[in-house]
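*Asks:* Between the sequences and the hints, there should be enough to build the whole structure, so can you do that?
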Amino acid sequence: MFSKEKSRYINDILLCIGILAVALIAFLVFKATMKDGKIVTVSINGKETQGYSLSVDAENVITSGKNGEYQNMLVIKDGKAYVKEANCRDKICVSHRKISKVGETIVCLPHKLVISIDNDG
Amino acid sequence: MKNQTKKITFLGVMTAFAMVLSYLELLLPPIWSAVPGIKVGMPNIIIIFLLYKLSFKEAVAVSFIRVCLTALLFGNVMSLIYSISGAALSLAVMFILKKTDRFSMVGVSVAGGVFHNLGQIIAAIIVMQTKEIGYYMIVLSITGIIAGIFVGLAGALCLKYSKKIKFL
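For the record, the sequence lines run as chains A and B.
Residue numbers for the first sequence follow the working numbering, beginning at 1 and rising by one.
Residue numbers for the second sequence follow the working numbering, beginning at 1 and rising by one.
Since the hints were made in silico from the structure, they are not lab data.
Owing to the predicted nature of the structure, the values given are computational and were not obtained by experimental measurement.
Fair warning: there could be bad hints in the mix.
Now the in silico label distances, taken between C-beta atoms and shown as ranges [to be verified]:
(1) B:153 <-> A:29: 29 to 35 Å
(2) B:72 <-> A:34: 35 to 41 Å
(3) B:69 <-> A:34: 38 to 44 Å
Stretch-level coverage of chain A by chain B, calculated; a stretch enters the list once three of its residues show a Cβ under 8 Å from a Cβ in chain B [stated by the list, open to error]:
(4) 23–31
(5) 82–91
The list that follows gives simulated cross-link-like pairs (lysine-lysine, DSS-like), each with its CA atoms no further than 25 Å apart [stated by the list, open to error]:
(6) B:99 <-> A:6
(7) A:6 <-> B:53
(8) A:6 <-> B:98
Virtual Cβ for every residue (Gly too), placed ideally from N, Cα, C.
*Replies:* Listed below in structure tokens is the structure:
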């Protein structure tokens, strides 16, 4: 009876290791198949408003909100895009790492702003 | 006849219990703000308890009704789609693992938690048509394992103490 319990616990641990291993492999495969993007698309409230080329260094302040009171500074440098400053409360967008691959996004939820990387227009 | 009534009443109470746990979860502060909507999976305590105490049929019934009612009361169609995908995959995997009799209740619960998240991710990928959401899977696997351990322990405790109650 006791050894059956023990083998169950060992199987549990093996299960956890297995799950983590599969997740890690999936993650690495995902990372390897990400494509480099060409343009940065800005969407406010779900509608695309601006687009910038990833290959042109630029700093743009994106204003949104009823009176333009929401501001996020979008910086494009060395083929990557990130948010340098923003006047939102959480600043999750500012702490996000730089994005450059198709599909990656930086979201500022309070400002309803989505910055995404695309291949074409 | 009497046994049937007892059973139906009991399952009804269990469903209500699961719904309350589901609601309680929403009140907790977000565990990880980068993935909004990430949940601990407390209703699974009830589900796995039923799976071991009664059978797969009862667990499915309570799970299905709980998901529908919770979505009806507190959610929308989107949350229903995610919830059903997560719950269905989770239950299927838990049933299979329990049948092999090679894992403890905690192990089954861990698999249940991870596959619940996986089910939701798959639904999200299909709905939003982007496979980048799969990136979240590594985080959700870790939280699924941790949550699964706690849920499994809670479920085991429930099972242990339920044996002392005569009418069950």
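*Asks:* If a hint holds in the structure, say so; if it doesn't, say that too.
*Replies:* So, going through the hints one by one against the coordinates:
1. B:153 <-> A:29: 29 to 35 Å: holds (33 Å)
2. B:72 <-> A:34: 35 to 41 Å: For residue 34 (chain A) against residue 72 (chain B), whose Cβ atoms are near 39 Å apart, the range 35 to 41 Å holds.
3. B:69 <-> A:34: 38 to 44 Å: holds (40 Å)
4. 23–31: holds (count 5)
5. 82–91: Our answer is that it is violated, as 1 residues pass the Cβ test (under 8 Å) against chain B, missing three.
6. B:99 <-> A:6: holds (18 Å)
7. A:6 <-> B:53: Answer holds: residue 6 (chain A) to residue 53 (chain B) is near 22 Å, not above 25 Å.
8. A:6 <-> B:98: holds (16 Å)
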